[in-house]
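If you're matching them up, the sequences are chains A and B in order.
Each residue of the first sequence is one higher than the one before, starting from 955 at the first, in our numbering.
Each residue of the second sequence is one higher than the one before, starting from 3 at the first, in our numbering.
No lab work stands behind these hints: they were computed from the structure.
Keep in mind that a hint or two might mislead.
[Stated by the list, open to error] Okay, derived cross-link-like pairs now, SDA-like style, lysine to any residue, Cα gap no bigger than 20 Å in a straight line:
#, chain 1, residue 1, chain 2, residue 2
1, B, Lys11, A, Ser1052
2, B, Lys59, A, Ile1050
3, B, Lys59, A, Ser961
4, B, Lys11, B, Gln39
5, B, Lys59, A, Pro994
6, B, Lys11, A, Ser996
7, A, Lys1032, A, Ser961
8, B, Lys59, A, Asn1055
9, B, Lys59, A, Ser996
10, B, Lys59, A, Ala955
11, B, Lys11, A, Ile1000
12, B, Lys11, A, Arg997
13, B, Lys59, A, Phe1053
14, B, Lys59, A, Ile1068
15, B, Lys59, A, Thr957
16, B, Lys11, A, Lys1024
17, B, Lys11, A, Pro995
18, A, Lys1024, A, Ser982
[To be verified] Across the chosen pairs, the derived CB separations fall in these ranges:
#, chain 1, residue 1, chain 2, residue 2, range
19, A, Asn985, B, Phe71, 44 to 54 Å
20, B, Thr15, A, Pro995, 34 to 44 Å
21, A, Pro994, B, Gly54, 28 to 38 Å
[As the list claims (entries may be wrong)] Which residues of chain B face chain A? A partial, calculated answer using Cβ under 7 Å:
#, residue
22, Gly5
23, Leu41
24, Gln43
25, Gly44
26, Ala58
27, Gly60
28, Phe71
29, Phe107
All residues carry an ideal CB built from backbone N, CA and C; glycine is no exception.
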Amino acid sequence: AQTVTQSQPEMSVQEAETVTLSCTYDTSENNYYLFWYKQPPSRQMILVIRQEAYKQQNATENRFSVNFQKAAKSFSLKISDSQLGDTAMYFCAFMIHSFGNEKLTFGTGTRLTIIP
Amino acid sequence: DSGVTQTPKHLITATGQRVTLRCSPRSGDLSVYWYQQSLDQGLQFLIQYYNGEERAKGNILERFSAQQFPDLHSELNLSSLELGDSALYFCASSVATGPNYGYTFGSGTRLTVV
Chain A
955 AQTVTQSQPE MSVQEAETVT LSCTYDTSEN NYYLFWYKQP PSRQMILVIR QEAYKQQNAT
1015 ENRFSVNFQK AAKSFSLKIS DSQLGDTAMY FCAFMIHSFG NEKLTFGTGT RLTIIP
Chain B
3 DSGVTQTPKH LITATGQRVT LRCSPRSGDL SVYWYQQSLD QGLQFLIQYY NGEERAKGNI
63 LERFSAQQFP DLHSELNLSS LELGDSALYF CASSVATGPN YGYTFGSGTR LTVV
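Just chain A, same shape as in the assembly (with noise of 0.2 Å):
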């Protein structure tokens, strides 16, 4: 069974700064996902960034970036230049790359908060 630790239960950081968020995996599968998902106070899920496993190069999306492990088993994501609507629920996911079953196992999740 695949496991997801994300061992930051809050982070605050001031705005226009940097922000890491670490998460690590186990599994024993070769070919998966990594995700991060944004929950704000609204409670919608917002997918902010995929990661492919065969993939060595990390993924970006604007601000945000991952510093992806595959070795170690880790995927942690930074938030550059912070702004107070990066405040919200960050959850790491993993999948594995198998048609038929594509269910997302979640960490507990880090909240974040932006102090302007």
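Based on the hints, put chain B in the right spot on chain A.
For chain B alone, kept in the frame of chain A given last:
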């Protein structure tokens, strides 16, 4: 608006009762997924349907059932409700099986069992 519509947004009901949660997927999406988010269990996968057929099952209780209809909307039925069933229930959809297409989540149904 994500394009995935869940109704109702809030539901309050008593223990022992039965409720139905409804999900309309994003236009063109064939797969529907149900997740439960509770304080003690976090986000848990319940079940997946693809084009009307059940594709994968997670930690879904026997008191819970789901189906996907020909128009692709899905319903999650929760019966003999217990206090512990109080949670946020999410529906998500994707265009086809395969994670390359990604998930789009609805805004959830907040169920409170009293």
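Structure-based check of each hint:
Distance hint between lysine 11 of chain B and serine 1052 of chain A is unfulfilled; the C-alpha atoms sit about 32 Å from each other, more than 20 Å. A hinted pair counts as satisfied when its Cα atoms are at most 20 Å apart, and lysine 59 of chain B with isoleucine 1050 of chain A qualifies at roughly 14 Å. As the CA atoms of lysine 59 of chain B and serine 961 of chain A are separated by approximately 28 Å, the hinted pair breaks the 20 Å bound. Simply put, lysine 11 of chain B and glutamine 39 of chain B have alpha-carbon atoms about 14 Å apart, close enough for the 20 Å limit, and the pair holds.
Under the criterion of a C-alpha separation no larger than 20 Å, the hint pairing lysine 59 of chain B with proline 994 of chain A is inconsistent with the structure, at around 28 Å. The straight-line distance between the Cα atoms of lysine 11 of chain B and serine 996 of chain A is roughly 12 Å, inside the 20 Å bound, and the hint therefore holds. Pair hint lysine 1032 of chain A plus serine 961 of chain A holds up; C-alpha atoms about 15 Å apart against a cutoff of 20 Å. Taking the CA atoms of lysine 59 of chain B and asparagine 1055 of chain A, the gap is about 8 Å. The hint holds against a cut of 20 Å.
About 28 Å separates the Cα atoms of lysine 59 of chain B and serine 996 of chain A, which puts this hinted pair outside 20 Å; it is violated. A threshold of 20 Å between alpha carbons decides the hint, and for lysine 59 of chain B with alanine 955 of chain A the separation of about 14 Å falls inside it, so the pair holds. Using a Cα cut-off of 20 Å, the hinted pair lysine 11 of chain B and isoleucine 1000 of chain A holds, with the two alpha carbons roughly 17 Å apart. A distance of roughly 11 Å separates the Cα atoms of lysine 11 of chain B and arginine 997 of chain A; the hinted pair therefore holds under the 20 Å criterion.
With a CA separation close to 14 Å, the supplied pair lysine 59 of chain B and phenylalanine 1053 of chain A stays within the 20 Å bound. At roughly 37 Å between alpha-carbon atoms, lysine 59 of chain B and isoleucine 1068 of chain A are farther apart than 20 Å, so this suggested pair is violated. Between the alpha carbons of lysine 59 of chain B and threonine 957 of chain A the distance comes to roughly 17 Å, so the proposed pair stays at or under 20 Å and holds. With a CA separation close to 39 Å, the supplied pair lysine 11 of chain B and lysine 1024 of chain A exceeds the 20 Å bound.
Among the hinted pairs, lysine 11 of chain B with proline 995 of chain A is consistent with the structure: their alpha-carbon atoms are about 15 Å apart, no more than 20 Å. A hinted pair counts as satisfied when its Cα atoms are at most 20 Å apart, and lysine 1024 of chain A with serine 982 of chain A qualifies at roughly 12 Å. Between asparagine 985 of chain A and phenylalanine 71 of chain B, the C-beta spacing of about 32 Å breaks the proposed range 44 to 54 Å. The given range of 34 to 44 Å is broken by threonine 15 of chain B and proline 995 of chain A, whose C-beta atoms sit roughly 25 Å from each other.
Range check, proline 994 of chain A to glycine 54 of chain B: about 33 Å between beta-carbon atoms, so the 28 to 38 Å window is met. Hint status for glycine 5 of chain B: violated, given a least beta-carbon distance of 12 Å to chain A, over 7 Å. Interface restraint check for leucine 41 of chain B: the shortest CB-CB distance to chain A comes to about 11 Å, outside 7 Å, so the restraint is violated. With a cut of 7 Å, the hint placing glutamine 43 of chain B at the interface with chain A is violated, because the nearest CB-to-CB distance is about 10 Å.
Hint status for glycine 44 of chain B: holds, given a least beta-carbon distance of 5 Å to chain A, under 7 Å. Because the closest C-beta pair between alanine 58 of chain B and chain A is about 4 Å apart, less than 7 Å, the hint holds. Residue-level restraint check for glycine 60 of chain B holds (minimum Cβ-Cβ distance to chain A is 6 Å; threshold 7 Å). Checking phenylalanine 71 of chain B against chain A: minimum C-beta separation of about 20 Å lies over 7 Å; hint violated.
This hint holds: phenylalanine 107 of chain B has a C-beta 4 Å from the nearest C-beta of chain A, less than the 7 Å allowed.
This entry does not satisfy hints 1, 3, 5, 9, 14, 16, 19, 20, 22, 23, 24 and 28, going by the numbered hints stated previously.
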